[in-house]
Amino acid sequence: MTEIPPLNEEEIARRWQKFVHVSPYNRELNLQSDVVRPDWCAIKIEYQDALVGDPQTGVLHGGVITVLLDVAFGFAIFVKLPAFRPMATLDLRIDYLKPATPGRAVLGGAVCYKLTSELAFVRGCAYHESPDDPIATAVGIYMFTEGRPVISYEEVPR
Amino acid sequence: MNYSDIVTRCRASNDWAPLVEAIPFARFLNLRIDVKGDAFTCILPFEQKLIGNPVLPALHGGATGGFLECAGLFYLLLEMETRSLPKTIDFNIDYLRTGLPRDTYANVVMVKQGRRVVNLRIEAWQSSPDKPIALGHCNFMLGA
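In order, the protein sequence lines correspond to chains A and W. Residue numbers for the first sequence follow this note's numbering, so the first one is 3 and each next one is one higher. Residue numbers for the second sequence follow this note's numbering, so the first one is -17 and each next one is one higher.
Rather than coming from a laboratory, the hints here were simulated on the basis of the structure. If you're wondering where the values come from, they're calculated on a predicted model, not measured in any experiment. Among the hints, erroneous ones may be present.
To be verified - Some chain W residues judged to face chain A by a derived CB distance under 10 angstroms, without partners named:
hint, residue
1, Asn(-16)
2, Tyr(-15)
3, Ala45
4, Thr70
5, Ile75
6, Val91
7, Lys113
Unchecked claim - Which bits of chain A does chain W cover? Going by a derived footprint, with three or more residues having C-beta under 8 angstroms, they are:
hint, stretch
8, 18 to 31
9, 39 to 48
All residues carry an ideal CB built from backbone N, CA and C; glycine is no exception.
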């Protein structure tokens, strides 16, 4: 029997991209799946003039960090579930430590550190290079809901 | 051009579009501002691009969150008339109901006004103000 070699990280992230773009808002912002691992999921957004919060500085708006972390939180939970379940954000807390550097892409990274039958607890941060030098730190709680999942579980790369 | 000048001009004409135009991300969301006397309302007109869950369908939590933050910043620019933008220190969002594919409104309460930091409660609603879809609690560092 031939053993199938494990996928490398870039390939796994690339295959998860279609799940990012299930959401029209994610498509509009052109979010990219960058890292998809059980211990860390990261979503990337390129710098865009249209998303600036303050033209005097060129810094991206906090709302960009919000969506980046919300999506990374969702991925961090999905990657730990045996099967996709629909869920809703219950709450989200973001602390802004420093402004994003104008012109640079931003990553939102997250890990789900506790799963119960009804809730998922996640934490993460937004950063340019390393999570050790964060732009913002965040925690969130998500609730599993009834209904049909947005994405089906076929061919989920692991 | 500083923000207090823009606010002064908008107040004179009661046309707040130039203030929205001044913030690219607010323009991206096509926000509107409505001021009647002391009542401030920020409006997120529904657009397909704001959908997060296409099955329900429901607004993206990230879009609702970004809208809340914009509403808080606009409210502060109107209230405080600072030349530069306040800076968000932290932002807590409670998601209470599904955001339906329709227009969303936000009202703001100044919970505490300190010398440098203000605490706001921002309520987003759709059908009725007493049925909020999301609440934002946040601290802002005031601009100069």
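Close enough to count: is the Cβ of Thr70/W nearer than 10 angstroms to one in chain A?
-> With Cβ-Cβ at 5 angstroms, under 10 angstroms, it holds.
Ile75/W as chain A interface residue, shortest Cβ-Cβ below 10 angstroms | holds, 5 angstroms
Interface hint outcome for Tyr(-15)/W [beta carbon to chain A under 10 angstroms] = Because about 9 angstroms separates Tyr(-15)/W from the closest Cβ in chain A, which is inside the 10 angstroms limit, the hint holds.
Can you take a look at whether the stretch 18 to 31 of chain A is actually covered by chain W? Rule is 3+ residues, C-beta closer than 8 angstroms.
-> holds (count 7)
Interface hint for Ala45/W, Cβ within 10 angstroms of any Cβ on chain A = holds, 5 angstroms
Annotated coverage of the stretch 39 to 48 of chain A by chain W, confirmed only when three residues or more have a Cβ within 8 angstroms | violated (count 0)
Double-check Val91/W for me: the hint is only fine if its C-beta lies closer than 10 angstroms to a C-beta in chain A.
-> violated, 19 angstroms
Would you check whether Asn(-16)/W satisfies its interface hint, that is, whether its CB is within less than 10 angstroms of any CB in chain A?
-> With Cβ-Cβ at 8 angstroms, under 10 angstroms, it holds.
Does the nearest C-beta of chain A fall within a distance shorter than 10 angstroms of the C-beta of Lys113/W?
-> violated, 16 angstroms
Going through the hint list in order, the structure does not satisfy hints 6, 7, 9.
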